[in-house]
Amino acid sequence: MPRPSRDSYGDQKPPYSYISLTAMAIWSSPERMLPLSEIYRFITDRFPYYRRNTQRWQNSLRHNLSFNDCFVKVPRRPDRPGKGAYWTLHPQAFDMFENGSLLRRRKRFKLQKGEKDNLNAELAALANFNRAFLARQAAGPPPPASIPTATLYTSTLCSQLSPEPAELPDVTPITMLPRERPRRAFTIDALLEPDSPRLSPSPPQPMISLEARMAAPYVLAAQRYHAELLQAAAHALRPCYLPPPPLPVA
DNA sequence: AAATGTTTAGGTGACC
DNA sequence: GGTCACCTAAACATTT
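Just so you know, the first sequence maps onto residues 0 to 249 in numbering that gives the first Met the number 0.
These are computed hints drawn from the structure, not numbers from a lab.
There could be a bad hint or two in this list.
Listed next, the in silico SDA-like pairs over lysine to any residue satisfying Cα-Cα at most 20 Å (straight line) [as the list claims (entries may be wrong)]:
#1 K112 / N63
#2 K72 / K12
#3 K72 / Y17
#4 K72 / Q57
#5 K12 / Q54
#6 K82 / K109
#7 K72 / K112
#8 K82 / S36
#9 K82 / S28
#10 K72 / D116
#11 K82 / R40
#12 K115 / D68
#13 K112 / F70
#14 K112 / H89
#15 K115 / H62
#16 K109 / L122
#17 K82 / Y39
#18 K12 / F70
#19 K12 / H89
#20 K106 / D78
#21 K72 / L33
#22 K109 / S59
#23 K82 / Q57
#24 K106 / S65
#25 K72 / S27
#26 K82 / E37
#27 K109 / S16
#28 K115 / F66
#29 K12 / E30
#30 K112 / A124
#31 K106 / H89
#32 K12 / Q57
#33 K115 / F70
#34 K106 / D68
#35 K72 / L35
#36 K106 / F66
#37 K109 / T43
#38 K72 / R40
Hey, can you work out the whole structure from these sequences and the hints?
Encoded structure:
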């Protein structure tokens, strides 16, 4: 399917659903996650049809973001304050679309109750951590006894963080992914685990491995997000929790 | 106050 | 006719 260029449908309504348009917008961003305002901007930039009646379609779009499990709300980083959260695609939602087409989904993406609860708990913990981080910054360095529970949560991430991931290849926003996708649990811990052997099958199959990597933009974005977050946290907490940096060798 | 997010409800068209 | 995906409207809550 051709990639939609700017104004590719003129004033005509494009044949994409709001879910498709939103996925497209998210997919086009370097971090594979966008705030609502940027999703709006992506759509109005490319599809003049949506420059009119903005209240109507934006309400529908927000409804879709909340209603559909395929979209995941990621709390803002503490160092990027602003209104609203970031939105991303659930990693397991990448094969929603039939034959890589955004025109129609194969089936509705629905998380099971347990999966949804886990995800919500993780994201709530992340949001709590952000709040605690901001409060801590406002109040100055805290005494060690006051580590919030969310720090425990993130400390488990520390040991699992891999180095800064390499940049993803630029992926055309209109083509969705082939079959292969990660099936790991959608918890922050699971996301930060190194790829399982299943994703890098033996004997090695470079194409599948690459596809698998491309199919997990949220994983990479989350890794980057948390690496930066924890770096900032470590920096802020160093006076209390970390040994001083080694003295330079004379 | 405005933007953002959630939820409920009703409707249409395609498909089986 | 039932089911599903999708669209629209609206009321309300939350956040900045």
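Cross-check of the supplied hints:
The straight-line distance between the Cα atoms of K112 and N63 is roughly 19 Å, inside the 20 Å bound, and the hint therefore holds. Straight-line distance between C-alpha atoms of K72 and K12 comes to about 27 Å, which puts the hinted pair past the 20 Å bound. The straight-line distance between the Cα atoms of K72 and Y17 is roughly 16 Å, inside the 20 Å bound, and the hint therefore holds. Restraint check for K72 and Q57: satisfied, since their Cα atoms lie roughly 17 Å apart, inside the 20 Å limit.
Simply put, K12 and Q54 have alpha-carbon atoms about 16 Å apart, close enough for the 20 Å limit, and the pair holds. Under the criterion of a C-alpha separation no larger than 20 Å, the hint pairing K82 with K109 is inconsistent with the structure, at around 27 Å. As the CA atoms of K72 and K112 are separated by approximately 17 Å, the hinted pair is consistent with the 20 Å bound. For the proposed pair K82 and S36, the alpha carbon gap of about 9 Å is at most 20 Å, so the pair holds.
A threshold of 20 Å between alpha carbons decides the hint, and for K82 with S28 the separation of about 18 Å falls inside it, so the pair holds. Taking the CA atoms of K72 and D116, the gap is about 14 Å. The hint holds against a cut of 20 Å. Taking the CA atoms of K82 and R40, the gap is near 15 Å; set against the 20 Å cutoff, the hint holds. Under the criterion of a C-alpha separation no larger than 20 Å, the hint pairing K115 with D68 is consistent with the structure, at around 8 Å.
As the CA atoms of K112 and F70 are separated by approximately 15 Å, the hinted pair is consistent with the 20 Å bound. Among the hinted pairs, K112 with H89 is consistent with the structure: their alpha-carbon atoms are about 15 Å apart, no more than 20 Å. Annotation: proposed proximity of K115 to H62 holds, straight-line Cα distance about 18 Å (limit 20 Å). Under the criterion of a C-alpha separation no larger than 20 Å, the hint pairing K109 with L122 is consistent with the structure, at around 18 Å.
Annotation: proposed proximity of K82 to Y39 holds, straight-line Cα distance about 14 Å (limit 20 Å). For the given pair, K12 sits about 23 Å from F70 by alpha-carbon distance, which is inconsistent with the 20 Å threshold. About 27 Å separates the Cα atoms of K12 and H89, which puts this hinted pair outside 20 Å; it is violated. As the CA atoms of K106 and D78 are separated by approximately 37 Å, the hinted pair breaks the 20 Å bound.
With a C-alpha separation of about 10 Å, the suggested pairing of K72 with L33 holds against the 20 Å cut-off. Note on K109 and S59: the hinted pairing holds, with a Cα-Cα distance of about 19 Å set against a maximum of 20 Å. Pair hint K82 plus Q57 holds up; C-alpha atoms about 16 Å apart against a cutoff of 20 Å. Distance hint between K106 and S65 is fulfilled; the C-alpha atoms sit about 18 Å from each other, no more than 20 Å.
Of the supplied pair hints, the one linking K72 and S27 holds, its CA atoms being roughly 17 Å apart against a limit of 20 Å. About 12 Å separates the Cα atoms of K82 and E37, which keeps this hinted pair within 20 Å; it holds. Distance hint between K109 and S16 is fulfilled; the C-alpha atoms sit about 17 Å from each other, no more than 20 Å. At most 20 Å may separate the alpha-carbon atoms for a hinted pair to count; K115 and F66 meet this at roughly 13 Å.
Straight-line distance between C-alpha atoms of K12 and E30 comes to about 28 Å, which puts the hinted pair past the 20 Å bound. Pair hint K112 plus A124 holds up; C-alpha atoms about 18 Å apart against a cutoff of 20 Å. A hinted pair counts as satisfied when its Cα atoms are at most 20 Å apart, and K106 with H89 qualifies at roughly 15 Å. Distance check on the hinted pair: K12 and Q57 sit about 15 Å apart at the alpha-carbon level, within 20 Å; holds.
In summary, the hint linking K115 to F70 is supported, as the alpha carbons are separated by about 12 Å, within the 20 Å threshold. Between K106 and D68 the CA atoms are separated by roughly 12 Å; this keeps the pair inside 20 Å, and the hint holds. Using a Cα cut-off of 20 Å, the hinted pair K72 and L35 holds, with the two alpha carbons roughly 10 Å apart. As the CA atoms of K106 and F66 are separated by approximately 15 Å, the hinted pair is consistent with the 20 Å bound.
For the hint pairing K109 with T43, the CA-to-CA distance comes to about 28 Å; that exceeds 20 Å, so the pair is violated. The suggested pairing of K72 with R40 holds, with an alpha-carbon distance near 18 Å, which does not exceed 20 Å.
In summary, the numbered hints that this structure violates are 2, 6, 18, 19, 20, 29 and 37.
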